[in-house]
Amino acid sequence: MSGADDRSLKALIAEAGLRLTPGEARRMLELLRRDPTRVEATIFDTMWSEHCSYKSSRWVLKQYLPTESPWVILGPGEDAGIVRLGTHDGVEYALVIAHESHNHPSQVVPVEGAATGIGGIVRDVACMGAEVVGVMDALRFGDPDGARGSTVREIVRGVVDGIWQYGDALGVPNLGGDVFFSPRYDENCLVNVVALGLVRFDRIVRSRVPEEARREPYVLILVGKPTDETGFGGAAFASAVLEESAEGQRGHVQVPDPFLKRVLLEANRAVLDWLHREGVVAGFKDLGAGGIACASSELAAAGGLGMDVDLDRVPAAREGYPSEVIACSETQERFALVVPERVADRVLQWYNVTFALPEVYDGARAAVVGRVRSDSRYRMLRGGLPVCDSPVEVITAGIEHRRPERPRPRGGAPEPLPPVHDHEALLRKLVGTPNLASREPIVRFYDTEVQGRMVIRAGEADASVMAPVPGSKLGCALTVDGNPWWVAADPYWGTAHVVCEALRNLVAVGAQPVALTDCLNFGNPEDPEVFGDFGRSVRGLGDAARALGPDGPGGPPIAIVSGNVSFYNEGSSGRSIEPSPIVAGLGVLDDWSVATTGALKRRGSVIVLSGARQDRLGASQLRHALLGKTDGSIPDLDFERERRRIYAALEAVRRGLALACHDIAEGGLAIAAFEMALGGYASQGIGLQIPISGIGDPPGMSSEARLYSEAPGFLFEVSKEKLTDFLALFERSGVDATMVGRTLEEPRFRLLDGGRPLVDLDLETLARIHAEALAPMVE
Amino acid sequence: MARAAVVQIPGVNCEYETARALEAVGLEARIVRWNEPDSVWSGFDAFVLPGGFAFQDRIRAGAVAAKLNAVDRIASEAARGKPVLGICNGAQVLVEAGLVPGFRPGHVELTLAPNRAPRREGYLCRWVWVRAEEGPGREWFARGARPGEPIPVPIAHGEGRFQTADPEVRRRIQTDGLVLFRYATPAGAPAEEYPFDPNGAMLQAAGVTNAAGNILAFMPHPERALWLRQVPIDMAGDWGERRRAAVGTWGSLEGPGPGRVVFESLAARLRPRAAIGARA
Numbered sequence: 006m007s008g009a010d011d012r013s014l015k016a017l018i019a020e021a022g023l024r025l026t027p028g029e030a031r032r033m034l035e036l037l038r039r040d041p042t043r044v045e046a047t048i049f050d051t052m053w054s055e056h057c058s059y060k061s062s063r064w065v066l067k068q069y070l071p072t073e074s075p076w077v078i079l080g081p082g083e084d085a086g087i088v089r090l091g092t093h094d095g096v097e098y099a100l101v102i103a104h105e106s107h108n109h110p111s112q113v114v115p116v117e118g119a120a121t122g123i124g125g126i127v128r129d130v131a132c133m134g135a136e137v138v139g140v141m142d143a144l145r146f147g148d149p150d151g152a153r154g155s156t157v158r159e160i161v162r163g164v165v166d167g168i169w170q171y172g173d174a175l176g177v178p179n180l181g182g183d184v185f186f187s188p189r190y191d192e193n194c195l196v197n198v199v200a201l202g203l204v205r206f207d208r209i210v211r212s213r214v215p216e217e218a219r220r221e222p223y224v225l226i227l228v229g230k231p232t233d234e235t236g237f238g239g240a241a242f243a244s245a246v247l248e249e250s251a252e253g254q255r256g257h258v259q260v261p262d263p264f265l266k267r268v269l270l271e272a273n274r275a276v277l278d279w280l281h282r283e284g285v286v287a288g289f290k291d292l293g294a295g296g297i298a299c300a301s302s303e304l305a306a307a308g309g310l311g312m313d314v315d316l317d318r319v320p321a322a323r324e325g326y327p328s329e330v331i332a333c334s335e336t337q338e339r340f341a342l343v344v345p346e347r348v349a350d351r352v353l354q355w356y357n358v359t360f361a362l363p364e365v366y367d368g369a370r371a372a373v374v375g376r377v378r379s380d381s382r383y384r385m386l387r388g389g390l391p392v393c394d395s396p397v398e399v400i401t402a403g404i405e406h407r408r409p410e411r412p413r414p415r416g417g418a419p420e421p422l423p424p425v426h427d428h429e430a431l432l433r434k435l436v437g438t439p440n441l442a443s444r445e446p447i448v449r450f451y452d453t454e455v456q457g458r459m460v461i462r463a464g465e466a467d468a469s470v471m472a473p474v475p476g477s478k479l480g481c482a483l484t485v486d487g488n489p490w491w492v493a494a495d496p497y498w499g500t501a502h503v504v505c506e507a508l509r510n511l512v513a514v515g516a517q518p519v520a521l522t523d524c525l526n527f528g529n530p531e532d533p534e535v536f537g538d539f540g541r542s543v544r545g546l547g548d549a550a551r552a553l554g555p556d557g558p559g560g561p562p563i564a565i566v567s568g569n570v571s572f573y574n575e576g577s578s579g580r581s582i583e584p585s586p587i588v589a590g591l592g593v594l595d596d597w598s599v600a601t602t603g604a605l606k607r608r609g610s611v612i613v614l615s616g617a618r619q620d621r622l623g624a625s626q627l628r629h630a631l632l633g634k635t636d637g638s639i640p641d642l643d644f645e646r647e648r649r650r651i652y653a654a655l656e657a658v659r660r661g662l663a664l665a666c667h668d669i670a671e672g673g674l675a676i677a678a679f680e681m682a683l684g685g686y687a688s689q690g691i692g693l694q695i696p697i698s699g700i701g702d703p704p705g706m707s708s709e710a711r712l713y714s715e716a717p718g719f720l721f722e723v724s725k726e727k728l729t730d731f732l733a734l735f736e737r738s739g740v741d742a743t744m745v746g747r748t749l750e751e752p753r754f755r756l757l758d759g760g761r762p763l764v765d766l767d768l769e770t771l772a773r774i775h776a777e778a779l780a781p782m783v784e
Numbered sequence: 002m003a004r005a006a007v008v009q010i011p012g013v014n015c016e017y018e019t020a021r022a023l024e025a026v027g028l029e030a031r032i033v034r035w036n037e038p039d040s041v042w043s044g045f046d047a048f049v050l051p052g053g054f055a056f057q058d059r060i061r062a063g064a065v066a067a068k069l070n071a072v073d074r075i076a077s078e079a080a081r082g083k084p085v086l087g088i089c090n091g092a093q094v095l096v097e098a099g100l101v102p103g104f105r106p107g108h109v110e111l112t113l114a115p116n117r118a119p120r121r122e123g124y125l126c127r128w129v130w131v132r133a134e135e136g137p138g139r140e141w142f143a144r145g146a147r148p149g150e151p152i153p154v155p156i157a158h159g160e161g162r163f164q165t166a167d168p169e170v171r172r173r174i175q176t177d178g179l180v181l182f183r184y185a186t187p188a189g190a191p192a193e194e195y196p197f198d199p200n201g202a203m204l205q206a207a208g209v210t211n212a213a214g215n216i217l218a219f220m221p222h223p224e225r226a227l228w229l230r231q232v233p234i235d236m237a238g239d240w241g242e243r244r245r246a247a248v249g250t251w252g253s254l255e256g257p258g259p260g261r262v263v264f265e266s267l268a269a270r271l272r273p274r275a276a277i278g279a280r281a
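Chains as they are written, first to last, in this note's numbering: chain A, 6 to 784; chain B, 2 to 281.
For the record, the hints were derived by calculation from the structure and aren't laboratory data.
Note that beta-carbon positions come from the ideal geometry of N, C-alpha and C, so glycine has one too.
All clues stand as given, with none of them false.
Here are some, though not all, of the chain A residues that point toward chain B, as calculated from beta-carbon distances under 8 angstroms:
no. : residue
1   : ASP173
2   : LEU175
3   : ARG267
4   : GLY685
Stretches of chain B that chain A covers, calculated by requiring three or more beta carbons in the stretch to come under 8 angstroms of a beta carbon on chain A:
no. : stretch
5   : 44–57
6   : 111–123
7   : 220–227
8   : 240–250
If you anchor each label on the Cβ, the simulated ranges turn out as follows:
no. : chain 1 : residue 1 : chain 2 : residue 2 : range
9   : B       : GLY189    : A       : HIS93     : 32 to 40 angstroms
10  : A       : GLU750    : B       : GLU29     : 48 to 56 angstroms
11  : A       : ASP636    : B       : THR250    : 47 to 55 angstroms
12  : B       : PRO191    : A       : GLY579    : 57 to 65 angstroms
13  : A       : SER577    : B       : ALA188    : 53 to 61 angstroms
Build out the structure end to end from the sequences listed, making use of the hints.
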């Protein structure tokens, strides 16, 4: 390679099946000071993929995102972030959270792609020493009724199957998530997954060779499925635009096995318990992108030491794999453990004898495959000879690309909305559109109950709530949000709104927001307009996270503790997805018993609105339903006003002043009110009536804007006895709160305009349309 | 204190909450690995096969696990009158091992076939209602349940439809009262249609026992309905009312849930045995 010009470099790289650019190849030569071996070239190719290196995004993320706060124990950098939960019986507990995408694999082979997405994120949380207590997924699919509708529906079905088949078998409850349909996902669906774990503070395990390895010999143990060629090149595959023909790309997708994962998690639990009892400090890491090479070099580099990995000792599915395949394939269901040599035999015995891995699963086992060095050299050996030999910091140094940003040209004036003559017909249509229909047909495939920790489950409220520590009052809540149409309309404010929505969802169930994670899904970052969207979205995310901490801009932020960037989400037609930042919000409750849902609870109570409606219907569900368009201006956002509203709502729910609380999001006030009347999965038959004249300022606002503006806000159900206290709390907080309606004896949904009914429908009728719309997609 | 073994077969995934359920009713629970020495099993007074996907449900759900030595040992203990509760995948194992209904020992007389319901096949996770019937299993697993009382519990399975090809087996199960739990409506009537009948099982069977009544194959998950907080807040009926009224009161929400009756019945049945030193 040395001395080659760009053209011959390109040819050499292509011949080796790699995706490095000539510039990156030169940088590799400069770092190594010689030509690479094939193994080294493959390692650099993987480690410098966008997926592993964050080469385009890292400097933007570092510049704009707050990652520290009093709640944070460990921010971004390792496999997962860690946040304080609280103390029970004198033991301090923490929550572990990770968030990733598995987009390209899910588009090409939906079942396996989605399943390995769950599998990977679960490993990220488990390798911090945590018990995985929940997963959540944010899914983005194309238009099920569009030109590629049949493919889209197949992908929906496959992704849902992959999620339930993996998660249910693993025994990790599904905490819900969200689903959004838009034609720009036709050729590139998004499968984002979040995993949540619980760990005792004193049992956190780090993904690094420990300090103790400077004082006694440490070895590297690889445990799990025998290494094969599956997923070879997966990281690079995730870092390039999808090609039209999926056939050639399937080999890059890993093969999931939740059964083996469950057995491994049980064995890991026993091993980590034993190591803790023996007072042995270990390092632990999952094998994901880049396989053995990535995991072992990062473990070593994080501890400031080197490592020798003997590829001949890696248990393989068959003989004769090339070294680069053993080193870099992304075979699933594997972990790496760094332990003192003196306990290695005992650890192997736990895995291979006590939990009998080789008997339970063909070829599975634990084996010593490497040894920590006292210097910082990183070597891989085959037949006793080095096939990779470099200072470890060279392997893990990473690479950076400063990409240019360019704002998108403004579109023309948006076409005005036609007036709505029949509000009943409109509402009937809206509640059955894919974006607003009930998610129940999907959720019923997911095991929401396993582990027995659930307090409020997927689909019952704006966030899921769990009691993670048995016998304790400590609770945690999780939500995931993203509105691609809003972000496409305005990357900065659209993303800021997403953060607000996540926080609204947490406080609606009575949870104090403590951390965020982000998965930033965008198109090709080499396109300055795509990168411009990315830059503005990240700024919006960072600014919102700083502005919305409980004490405001001067106080601690809601820190972003983990996340992932996924670029190159575009189809072969060259059409990129909508810019799609997806934000998960994590909250804690001192006492989970306060958690409530958005469902109406009582006849004769009052409906209160907080959050003025705005005459901005750009990128709304209404605009899409009426015109098939998603352009226009999104509602304004005032950080300080929203912050006060969010924390007033939190106090109201915590003090039991609200019977129900529901955030206003897609579909606006009308849909939020309908969802409250619908009541999760089983209506209590309580009706609701809202005279729209009371919905507020400014006078003269159209009834469409009053009902369907997606401006931020909440609806509350408040009992007559608590109404005075409720309103006083909001007044004291300087936050608007307006009585806009009441609950009814009879199961009807009524919207009145000056006494005349705009909508007067039987709840059951609406509920049926809402419940059944998505069913044909997953049956 | 009576001792219960929660059997950890590779692939099961409900062992921890099942152990907590047993402890909550005053039993001593230990998670016992499938490959522990044979001598371990006789030291227990009761056995629970928890839910999950034992051996990946290879061949058929429960089929591989049913051939384990540990299951043979547990069957021997059951023949001596000790109770065995199989929950979900554990129920599938008991049926595949020929222990339920067990008319002809060693013969598989029942199956748990793929769910069948109009427009909804495949894996299904939801809360349903069951009611306890009269039969030999009642004193073991349902002595605390009032006749006809609707008990909400969640199901989570793809193959939960009790079925047999042998009309004689079906007849005996019915006449001997071996359907201990039937799917019901929220009001406690037998479930006629989906979703109250979630899978199309014969005789709306949710739980079937052997003739002696000490072995129960139960498809729902009572260990996931052990505390009031686990009851969905929007559920119809008494339990839903109780759940909604308890918001904000930790002590009530951490109190008993509807599924506890199964474990309490078991504990109550075991108590005098343990007290008179009958433990093996």
